[in-house]
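Chemist: Sequence:
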Amino acid sequence: MLTPVLLACFAVLIALKWRAIAEGYRQWRRKHELAAQIPGYPTWPILGHLTYFNIDPYSFFCVVIECSRYVLNSGGTMMKFMLAEKMYVLPLNGETVKDIVDDIVEIKKGHDYEFLLPWLGSGLLISYDDKWRTRRKMLTPTFHFKMLDAYIHTFDEESQLLTKVANQEKEIDVFPYIKRCALDIICTAAMGIQMNAQTTDSEYVHAVERISTLLFQHAVWPWFAWKPIRYLFGYGFESDRLVKTLTDFTKDVIKNRAENFDVSVVKDDNKKLAFLDMLLAFQKENKLSYEDIREEVDTFMFEGHDTTSSGIGWTLWCLACHPEIEEKVYHEIRDQFGDSDRSVTVEDLKELKYLERCIKESMRLFPPVPSVQRTLRNEFVIGGKTLPKGCDVVINAVAIHRNPHVYENPDSYDPDRFLPENASKRHPYDYIPFSAGPRNCIGQKFALNEEKVVLSWILRKFKVSTSHKLEDNHPLPKLTLCPEMGIPLLLQSRD
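Quick note, the sequence shown lines up with residues -22 to -1, 1 to 473 if you use mature numbering (1 follows the signal peptide of the UniProt record, and there is no 0).
Since the hints were made in silico from the structure, they are not lab data.
Built from N, CA and C at the ideal position, the CB exists for glycine as well.
Some hints could be false.
Computed spacing ranges between beta-carbons, pair by pair [as the list claims (entries may be wrong)]:
1. Phe211 <-> Ala401: 22 to 28 Å
2. Arg472 <-> His452: 28 to 34 Å
3. Asp313 <-> Asn238: 40 to 46 Å
4. Leu95 <-> Val143: 41 to 47 Å
5. Ser471 <-> Glu269: 22 to 28 Å
6. Trp(-5) <-> Ala401: 15 to 21 Å
7. Glu302 <-> Asp450: 36 to 42 Å
8. His452 <-> Leu95: 25 to 31 Å
9. Tyr3 <-> Thr118: 42 to 48 Å
10. Ile(-2) <-> His452: 27 to 33 Å
11. Glu263 <-> His446: 50 to 56 Å
Derived pair list, reagent style SDA-like, types lysine to any residue, alpha-carbon separation capped at 20 Å [claimed, not checked]:
12. Lys331 <-> Tyr391
13. Lys142 <-> Met173
14. Lys76 <-> His383
15. Lys222 <-> Asp179
16. Lys76 <-> Lys331
17. Lys222 <-> Val183
18. Lys64 <-> Tyr268
19. Lys229 <-> Lys265
20. Lys306 <-> Arg472
21. Lys363 <-> Pro20
22. Lys87 <-> Trp204
23. Lys64 <-> Tyr3
24. Lys109 <-> Tyr391
25. Lys328 <-> Lys76
26. Lys64 <-> Gln5
27. Lys86 <-> Phe412
28. Lys86 <-> Ser100
29. Lys331 <-> Asp392
30. Lys87 <-> Asp108
31. Lys64 <-> Lys86
32. Lys86 <-> Thr353
33. Lys124 <-> Gly170
34. Lys124 <-> Cys419
35. Lys441 <-> Asp473
36. Lys328 <-> Glu399
37. Lys86 <-> Leu193
38. Lys9 <-> His27
39. Lys87 <-> Pro301
40. Lys338 <-> Gln422
Construct the entire structure; sequences and hints are all you get.
Modeler: Written out as structure tokens, the structure is:
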């Protein structure tokens, strides 16, 4: 009696499974039909483009540039990479970038950001749809120019300390010093605490550096997308330990700050506030939970110290490799400050126009955030071509900034590219160190001001030089674009 019933159930299960298999096959075929329209290097079955990539990040950097120029010189405006079954499409000029970054629906960050969820949660960097829109609207006023001006004093104090601790009589790697300076700045600005990373060793800095390397492995090695594989090789356990180090630090600071928080300080125009103070005020209004605050502080801490230290480091590297440009920057700084050791003001920053052009050109060659991603939740048209649902669109600043059809001699360092009359000839999205569109970097003015203050102090005090050539220092695309050699400089006192 039960046999017909069991057979019927079995038949239903087969039918349901077959439908899922058929739908999966239809989506797979559709993806590959659309992928065939996008130019790129020839692919291998199953492996895709994996054979083009070595394990080291620098080979990835080189392949992206080489492939982008191959496609651009063939008349293309975007290219694809297939890493096994993961499909990535990279728009290569401002027009195609605009299609994706200006869209208000396809704003979900790429699959690779999932690796950051245990650390940054679904804060402003990773959230999307209504949560992102609400959070962005809430946090934008905290980066008002009056609030930013209040941080100039912090930038100035920590920059002066940097010139003292990094003052040595031999060529040294200044990158660790820059990172610790940036960490002290962001701790004061974000959390209102003195971390003293410049004068003591920081476990936080080491944890960020290591988790950055693990993220690159997660992005490039498809098998690391499976948790069991990550834990089998030990990387999952290591990642858990690093995340605990980072989040425990933030939680302790939030707890201590919250215990002594007085909401009235937020309304005091004469009071210099930390980012955390404003978040705690939102919590008092029941707009944020403590976990929400933790997510945003961790996001601000990461984006505010790792990216700016990359920008400062690469600018110093470019100047050290171009002494004639470094000397021109120094004369601009000397014209503004003379022989004095006075503090930097907001008005001073407005006058350091050549320094700003040098920073922008270094961020063109070496963008601190080498790429951002969007995962398509629907089929989407970019540059007249339809991309499949589930595809990751990678806005790769490295490839875009080195487009030979936009920038003459794209691998050379030339700050005059950013003279107003030259910059106005380019599409605005041909230069995107802070991304672009609605999801651009909310803290870009903060970052640029910090970089100008730190660099102005270093160049006031020292002549920077190096025994290496610009191209000797390979860029490594991890969470940020890291210099393989660090930043080996000789700092010669100008006193």
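Chemist: Which of the listed hints are broken here?
Modeler: Numbers 1, 4, 5, 6, 7, 10, 16, 18, 24, 25, 39 - these are the hints that the structure violates, sorted from lowest upward.
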